[in-house]
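**Q** Given these sequences and hints, build the entire structure.
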Amino acid sequence: MSEADPIKFEPRTAPASGGSGAHSTATASPGQPQVTQLTRFDRFELDAILRLYGRMVAAGEWRDYAIDMGRDQAIFAVYRRSSDVPLYSIVKDLRLARKQGAYSVVAATGLILKRGHDLTRVLAVLDKPKLVMA
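All letters in the sequence shown, in the order written, are residues 122 to 255 by my numbering.
Check the hints yourself; a few may be wrong.
Claimed, not checked - Label pairs and their in silico Cβ distance ranges:
(1) 242 <-> 178: 20 to 30 Å
(2) 250 <-> 171: 16 to 26 Å
(3) 158 <-> 180: 32 to 42 Å
(4) 204 <-> 238: 30 to 40 Å
To be clear, the hints were calculated from the coordinates, so they are not data collected in a lab.
For glycine and all other residues, C-beta sits at the position ideal for the given N, C-alpha and C.
**A** Right, here's the structure in full:
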């Protein structure tokens with residue numbers, strides 16, 4: 122492969138375990154690999170999260186982030202230092218969408234700070250107001 126060759130990205134395929142349906146989430150036509158469906162943040166969700174992240178980086182409170190997309194949930198983890206444990210995790214879990222809300226903010230201790238159906242309201246728990254001394 123040379124530097125001029127384009128990089129080809131292919132979707133993740135389900136493991137070839139021969140199992141019947143417990144782990145499969147999408148159907149494929151014969152001869153094609155089966156593609157697993159991932160829970161992921163859409164453009165508007167990432168816009169709201171990254172807007173908050175940018176404000177906190179500018180304030181010097183956050184320094185790094187990581188995004189993890191899995192079959193059951195998507196996680197945006199925020200770090201104070203890159204070698205630390207996540208300071209906060211913003212979780213999207215579609216299994217809870219009709220019950221308690223798909224979005225939640227989890228602290229480093231595992232405590233759920235806020236959970237709900239609206240991402241901007243859930244993120245408001247992290248947007249701390251500044252106190253001004255006169």
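**Q** Next step is simple, just say for each hint if it's right about the structure.
**A** Verification of the hints:
no.: 1; hint: 242 <-> 178: 20 to 30 Å; verdict: 22 Å, holds
no.: 2; hint: 250 <-> 171: 16 to 26 Å; verdict: 20 Å, holds
no.: 3; hint: 158 <-> 180: 32 to 42 Å; verdict: 37 Å, holds
no.: 4; hint: 204 <-> 238: 30 to 40 Å; verdict: 34 Å, holds
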